[in-house]
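Asks: Those protein sequences? They're chains A and B, same order as listed. Per the numbering used here, the first sequence runs over residues 388 to 820. Per the numbering used here, the second sequence runs over residues 7 to 293.
Because the hints were derived from the structure by calculation, they are not lab data. The C-beta atom is built at its ideal place from N, Cα and C for all residues, glycine as well. Warning: the hint list may mix true and false statements.
Claimed, not checked - Just so you have them, the derived chain A footprint on chain B, three or more residues with Cβ under 8 Å: (1) 117 to 124; (2) 127 to 133; (3) 137 to 150; (4) 242 to 248.
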Amino acid sequence: MFRISMSKWLTLGGLAVLTSLAWAQTLRIGVVGPMAFVQGAHTWYGATLAAEEINRAGGIQVGDRRYRIELLRVDTNEMLSVTDAATAVERAITAQRVDFLVGGFRSEAVLAMTEVAADYKRIFIITGAGLDGILAGRVDRNYERFKYLFRVSPTRSSDLARTSLLLLGEVVQAVRQQLGIPRPKVAILAERAAWADPLVETATRLIAAPPPQGYGAEVAGTWRPSAVATDVTSELTAIQRAGAQVIYTVLSGPVGVPFGRDWGRLRIPAAPVGINVEAQQETWLKATDNLGNYVATLSSLAPGVAITPKTIPFITSFQARFKEFPIYTASGAYGALYVLADALNRAGTLDVEAVVKALEATDFVGPSGRIVFDKTHDVTWGPSFTTGLGVQWVGNRMQAFWPRNWRVGDKVISYAGVRPYQLPPWVVEAWRR
Amino acid sequence: MFAAILVNGLVLSGIYGMLALGFALTYGVARILNLAHTAFYMVAAYALFFFLGWTGFAGAALLGVLVVLLLALAAYGLLLEPLREHEATVLIVTIALALLLQEVVLLLFGGHFRSVPALLPGYVEVLGVRVAQQALLALGFAAAVLLAAWALLKGTRLGLGIRAAAQDQEAAELVGISLSRAGYWAVGLGALLAALAGLAVAPMATLEPHMWNPPLLVVLAAVVLGGLGSLPGALLGALVLAFAEVLVVNLVPGGAFLRTAVALFIMVLVLVARPEGLFGVGFAEER
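Turn these sequences into a full structure, and let the hints guide you.
Replies: What follows is the structure, encoded as structure tokens:
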């Protein structure tokens, strides 16, 4: 009787030791975002997909030990409260004991959250916020405090401006060629948010500047609705009255949906192009009551377009697992986990200083491009690195229209599956000369 | 530009007017500053979206109104009437109720944006301004609802009782009006107006669980601007604020995000000149 009990105790003790060893070999990664919103949900989905793949492949080899990834969902409520976001990250670090952080969407909230991460010397890979100043002016000027911060997506605001302005150039050119208007009028519709300010400033300058530096067009006016505005009818009728043929949009918040819906319903004779995060999602047409066709936006992925060899497999796995088309926060979080795994593997230790050094040496091909960090730990923009795509909704489907024969120096960049941009028919009808 | 301001201002006024009148009724008669008022509007819009999957527009709208009425009357009977004398507590309870409704909607429908198909698609040009036909329908609907509400309040014994309770509760009680019953009627009518505003807005709006926040601020401001408890004042306040918003967007395009702030600033200016609001009872008179 005694011997049986003893063996039971030994078995239980052994199991406890094994369990604690297994626990010690788990890396806890906090996935940070507004989880009730698609931007946060897709951050979680992208990270989940990567974690499942990495764990299935045996985990992350760090030195002579293998680690499994355990993801912790950190709902930041950052759409509504920056304070909530900072508190959520602090709780994740102190109570949930996360080793690394991945995610973040709203720039204002990410600024606050990364301060907390820097306080606790936790590596935070940003996957959703674009403001330049999250890294520029922090990592380069105060390296010791902010060296733990990296960004894999999106490209910084000023680079988003570059890409979105290239898309604008395509549309201005289409207006010039197809409608015979030598100096098109461009209205700027940008949400009132920190990340949008540099885009508005750059766009205003470039639109009016003569070619080849600028577009030789005219700024019809600048409208700055709230990021959470529920009605932009007044803005749109004012844009129509201003005689614009093109609307350059800088919208990441919910306002993108009323914009698409009201624009389509009122058949505003100006072609929208730029950034509209809501239009990057496959729910776009449903959300706009099927009125969002012909809206064009910068995006990171499009159906059937292989930016890198990993793009199509990622989209296929994501859609099979979550039944949705991934937005940029999904491909960002997916890439971030692989970048982190790769850096840990190269560092061969969990020592944070060594992992930072390994991350700085990253050269990784993700689903939306090649990830190489610059001196501010930001993802490098440009041909053969990460640029983004121009996508447009045509015939109830999202299709890519840029880059297509994009000339940079002696390089010509095109992705298979990219089609020509199409002006909305009512814009053609209203302006054809 | 004048035409754009006029047309867009009128459409917005209709929606704000319905919400403000319901809010003013609830406060005027039941003495409840119901911060969950626009949450009822949100519930009606979501209920319409949900029931449209099962039945036609009329049936879905009717079910949406019923859901809101049941919710509002249950909340009044169970939570608010027993606390009516404690204004601060009532205020907190109504905020809690609004947040609860928001979280329930978030749980049931998620944070994804939803839309309800327009009954009248397309647009018409009014004075050279493109206006969605659905917006004109909503404006006509709002006008009809407001006229019906006015007729009820002015032309029936029930309306007389409700107005009497809104003007002077003690005197109303002395002439035999049951304040409790008047309260139920006012809350019911207020919730009905909120629900009808939700139904009118749903085909033009983006449905999301926080959609009750922006109109709440404007409705509060409209009611304060018009004079707390005054029904014509609430309507005038809604009209002033709606036009102020539209004016800002048209005159200061780069400051379009300030539309609500400017509207509230106008309210402050009016209150500085006339603290009781446009149609409110003067403090001295009240004493």
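Asks: Next, verify each hint and record whether it holds.
Replies: Evaluated hints:
1. 117 to 124: Coverage by chain A holds for the stretch 117 to 124 of chain B (8 residues, Cβ < 8 Å).
2. 127 to 133: holds (count 3)
3. 137 to 150: holds (count 4)
4. 242 to 248: Result for this restraint: violated, n = 0.
In this structure, the one hint that does not hold is number 4.
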